[in-house]
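Everything in the sequence shown is counted per my numbering, starting at 16 for the first residue and increasing by one.
Heads up, a few of these hints could be off.
35 angstroms max Cα-Cα, derived DSBU-like pairs, lysine-lysine [unchecked claim]:
| no. | residue 1 | residue 2 |
| --- | --- | --- |
| 1 | 415 | 462 |
| 2 | 595 | 495 |
| 3 | 405 | 296 |
| 4 | 304 | 371 |
| 5 | 415 | 429 |
| 6 | 296 | 648 |
| 7 | 292 | 616 |
| 8 | 365 | 304 |
| 9 | 383 | 616 |
| 10 | 616 | 134 |
| 11 | 429 | 383 |
| 12 | 363 | 415 |
| 13 | 383 | 405 |
| 14 | 95 | 296 |
| 15 | 383 | 363 |
What follows is a list of derived Cβ distance ranges for each label pair [unchecked claim]:
| no. | residue 1 | residue 2 | range |
| --- | --- | --- | --- |
| 16 | 713 | 207 | 55 to 61 angstroms |
| 17 | 701 | 69 | 36 to 42 angstroms |
| 18 | 113 | 713 | 52 to 58 angstroms |
| 19 | 460 | 78 | 58 to 64 angstroms |
| 20 | 97 | 46 | 27 to 33 angstroms |
| 21 | 713 | 248 | 34 to 40 angstroms |
| 22 | 75 | 369 | 54 to 60 angstroms |
| 23 | 191 | 290 | 36 to 42 angstroms |
| 24 | 26 | 96 | 28 to 34 angstroms |
| 25 | 363 | 86 | 49 to 55 angstroms |
| 26 | 374 | 706 | 19 to 25 angstroms |
| 27 | 248 | 114 | 37 to 43 angstroms |
| 28 | 114 | 669 | 33 to 39 angstroms |
No lab work stands behind these hints, which were simulated from the structure alone.
Treat the numbers as computed from the prediction; the structure is a model and nothing was measured.
For every residue, glycine included, the Cβ atom is placed at its ideal position computed from N, Cα and C.
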Amino acid sequence: MRMKQKKMNITSQDVRLMFETNLPLIQQAASGSRDANDFKQRLMESLHLNGETPLTPAAENIKRLIQHDGTTIQEASTGKEIRLETMGYLWNFLTGNKNVAQPHADFLLDVYRQFEHLKGSPSAVPDKEQVLRWMKRWDTGTTPRMVEIRERNKQRIIGCLIERIETHHYDKSRYAFPPGASESQKRSMVEQWWGDYRFHLALAARSWRELNHLMGGTLSNDLKDIYHAAHQKGMPVFVTPYYLSLMDVSGTEYDDAALRSYVFYSQNLVDTFGNIKAWEKEDEVEPGKPNAAGWLLPEGHNIHRRYPEVAILIPDTVGRACGGLCASCQRLYDFQSGRFNFDLEALKPKETWDSKLRRLMRYFREDKQLRDILITGGDALMSRNSSLRKILDAVYTMAKHKRDDNRHRPAGYKYAEIERVRLGTRLPVYLPMRINDELVEILAEFKQKAEAIGISQFFIQTHFQTPLEITPEVQQGIRKLHRAGWTVTNQLVFNVAASRRGHTARLRQELNRMGVLCYYTFSVKGFEENHAVFAPNSRSLQEQQEEKIIGQMSTQEDYLTTDFFHNGRSQERIIRMLEKKTGLPFLATDRNIMNLPGIGKSMTFQLVGIMPNGRRVLAFSHDDTRRHSPVIKDMPVIHILENKSIAEYIRQLEDMGEHIADYDSIWNYNTGQTEPRFALYEYPRASADYTTEYSNIPTEEPPYIPHAS
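The task is simple: from the sequences and hints, build the whole structure.
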């Protein structure tokens with residue numbers, strides 16, 4: 016019998032009845048077995064899993080669960096050993112063995128669904144019209160109704176800010192009222208300051224009381240308690256007035272869960288703060304030792320590296336702060352350690368930064384394979400314009416020297432040259448007013464001179480989470496970035512709120528309308544601090560294959576799009592033209608992936624076990640469409656224990672008002688394959704003159720340690 020329940024309140028006895036009624040063969044195999052090993056052997060025989068006949072994906076999945084049963088794996092994110100006993104727990108349950116602890120109903124339901132899938136009655140896949148209906152559920156911030164609501168929010172918040180400025184007497188601040196200013200004059204001054212991103216940074220909410228005040232006193236008691244605990248643990252709070260103006264404080268106008276879950280803390284996050292570890296193990300660096308991806312790096316936590324071609328630069332500037340602390344940030348351990356913080360004055364670059372920057376650039380210059388630099392943080396655009404100009408000038412000089420150096424090297428021994436520069440930032444979302452004319456001038460000037468020395472790709476990688484974040488102010492900022500000649504792409508964190516049916520598809524559509532291309536759709540990291548917002552990888556696969564697919568381009572259209580972009584045409588016009596030509600509602604140019612410890616981005620995995628609490632264990636392989644560090648050969652498989660069971664995730668969706676029947680096929684997504692990269696995101700073909708050798712990889716010789724020049 017198929018489940019007809021409207022509520023996810025399935026008990027263990029319900030699942031027992033489902034096995035007895037719908038899967039009597041499995042129940043009989045368990046009852047007739049001496050022990051768990053005998054049960055597994057009977058399953059292999061009765062389900063014909065040992066023959067030479069090719070198996071269905073559902074049968075391959077069961078066979079894999081049986082073969083992994085009784086094995087011990089090392090879970091990559093924690094380093095702990097885990098014993099897989101999926102079939103052993105099932106046998107104990109089906110035989111009524113009272114001598115062992117019984118598994119959770121979430122475990123039983125998932126295992127039942129795996130066997131049920133053998134019957135060959137797959138869940139209905141939604142058609143394009145259904146996906147479009149789901150997409151229409153989600154509001155965007157550019158409609159007249161939304162603009163009006165946000166304007167009311169803004170005026171309410173301005174009143175709060177006037178009161179706050181008066182109360183705290185910001186005498187030394189540029190945002191202070193002159194003596195005797197009238198109420199209308201004060202409001203006029205704050206209205207003008209609202210367009211200055213520095214005002215929002217200066218007046219950002221840094222405590223639950225300030226947060227509650229700017230939210231109109233609407234924070235729940237539970238959320239107040241969470242923030243009180245965060246304060247006790249020294250966890251920073253930072254949300255700007257502009258971003259808070261996007262919230263629906265009434266709770267009746269629109270669904271703002273995707274906004275709230277991105278910046279408001281969960282109990283899990285606060286409880287874990289202080290013990291948060293680096294999910295991406297390669298970000299843990301000890302001087303003189305290679306990181307988890309095999310690379311030697313300079314001291315100072317300024318360069319992060321995983322792949323041969325690209326390294327991340329994190330400056331010692333205000334770029335070590337952000338326009339807000341995202342609740343699922345992959346660098347929360349840096350905020351925990353204090354390397355990242357919101358003491359904006361203290362983060363201003365010191366005199367030593369200039370010489371350190373030159374030393375860091377030497378690392379890029381003298382590496383044989385690096386040709387892509389991603390400047391991030393924190394947030395690249397948190398650096399002031401003068402600091403950002405200095406960083407880009409240093410990148411230009413390094414790239415020019417790297418090119419000049421190659422003139423003295425023979426063919427086959429030349430070093431890879433810098434061909435791509437990227438800025439990682441969420442400020443176009445958090446603070447669109449940061450994109451001012453001076454910034455545009457800096458970006459345009461850099462691009463013009465960088466192109467002359469062979470750099471051909473210029474990307475702004477931003478982080479829109481929901482269509483609600485797209486406002487008239489944001490649209491204006493994106494247009495300015497396009498005017499500078501940079502390609503704007505988006506990376507989404509696929510958390511619970513963003514994972515609801517049609518939500519991510521609608522975001523892609525609205526971003527495309529601004530000329531923004533989608534780049535990655537990231538699964539949330541699986542540590543305990545992210546438990547509340549984690550969406551299982553099976554849901555990401557389901558979204559990829561059932562929703563994103565309606566925006567899928569052909570290979571020919573993919574390369575045609577790339578040609579248009581390389582020819583310098585308007586991004587908005589190119590996208591509109593392609594959508595009209597292809598009939599697609601959006602361009603599915605992103606990849607649904609997970610960032611894995613040590614091996615990078617991938618969605619190539621197999622389900623190998625289900626824990627007694629229902630959490631899945633996935634065995635990931637690396638993305639074989641791109642180059643990796645040589646150490647990848649030593650870690651071909653990475654095991655990840657997911658953060659929550661699928662059943663718990665479905666209950667969360669139900670609590671958010673979703674129809675759980677819409678997600679029924681999620682149980683069947685047990686194997687994934689990493690999607691190919693959109694052609695525009697591929698590196699230019701490497702020159703045949705480049706060396707195939709690596710540097711900054713440990714050898715028998717002493718490692719190269721950069722020094723000040």
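Here's how the hints hold up against the structure:
Only pairs whose Cα atoms come within 35 angstroms are accepted, and residue 415 paired with residue 462 is accepted, the gap being roughly 13 angstroms. As the CA atoms of residue 595 and residue 495 are separated by approximately 25 angstroms, the hinted pair is consistent with the 35 angstroms bound. Straight-line distance between C-alpha atoms of residue 405 and residue 296 comes to about 30 angstroms, which keeps the hinted pair within the 35 angstroms bound. With a CA separation close to 20 angstroms, the supplied pair residue 304 and residue 371 stays within the 35 angstroms bound.
Using a Cα cut-off of 35 angstroms, the hinted pair residue 415 and residue 429 holds, with the two alpha carbons roughly 14 angstroms apart. Our distance criterion of 35 angstroms between C-alpha atoms is met by residue 296 and residue 648, whose separation comes to about 17 angstroms. Using a Cα cut-off of 35 angstroms, the hinted pair residue 292 and residue 616 holds, with the two alpha carbons roughly 19 angstroms apart. As the CA atoms of residue 365 and residue 304 are separated by approximately 27 angstroms, the hinted pair is consistent with the 35 angstroms bound.
Among the hinted pairs, residue 383 with residue 616 is consistent with the structure: their alpha-carbon atoms are about 23 angstroms apart, no more than 35 angstroms. At roughly 34 angstroms between alpha-carbon atoms, residue 616 and residue 134 fall within 35 angstroms of each other, so this suggested pair holds. For the suggested pair residue 429 and residue 383, the alpha carbons sit about 8 angstroms apart, so the restraint of at most 35 angstroms is met. Taking the CA atoms of residue 363 and residue 415, the gap is near 28 angstroms; set against the 35 angstroms cutoff, the hint holds.
A hinted pair counts as satisfied when its Cα atoms are at most 35 angstroms apart, and residue 383 with residue 405 qualifies at roughly 24 angstroms. Distance restraint check for residue 95 and residue 296: the Cα-Cα separation of roughly 14 angstroms lies within the 35 angstroms cut-off, and the hinted pair is therefore satisfied. For the hint pairing residue 383 with residue 363, the CA-to-CA distance comes to about 32 angstroms; that is within 35 angstroms, so the pair holds. Our hint of 55 to 61 angstroms for residue 713 and residue 207 holds, since their Cβ atoms are close to 56 angstroms apart.
A hinted range of 36 to 42 angstroms for the beta carbons of residue 701 and residue 69 is consistent with their spacing of about 39 angstroms. In this structure, residue 113 and residue 713 meet the distance hint of 52 to 58 angstroms, their C-beta atoms being roughly 54 angstroms apart. Restraint check, residue 460 to residue 78: a C-beta distance of roughly 60 angstroms satisfies the suggested window 58 to 64 angstroms. Look at residue 97 against residue 46: about 29 angstroms separates their beta carbons, and that is inside 27 to 33 angstroms.
Between residue 713 and residue 248 the CB atoms are about 38 angstroms apart, so this pair conforms to the stated range of 34 to 40 angstroms. As the Cβ distance of residue 75 to residue 369 is approximately 58 angstroms, the hint placing it in 54 to 60 angstroms holds. In this structure the supplied range 36 to 42 angstroms holds for residue 191 paired with residue 290, their Cβ-Cβ distance being about 41 angstroms. Separation of residue 26 from residue 96 is about 31 angstroms and conforms to the stated range, judged on CB atoms against 28 to 34 angstroms.
Checked against the given bound of 49 to 55 angstroms, the beta carbons of residue 363 and residue 86, roughly 53 angstroms apart, stay inside it. Between residue 374 and residue 706 the Cβ separation comes to about 23 angstroms, which falls inside the hinted range of 19 to 25 angstroms. Judged by the Cβ atoms, the range 37 to 43 angstroms given for residue 248 and residue 114 holds: they are separated by roughly 42 angstroms. Checked against the hint of 33 to 39 angstroms, the C-beta distance between residue 114 and residue 669 comes to roughly 35 angstroms, which is consistent with it.
When the structure is compared with the earlier hints, no violation turns up for any of them.
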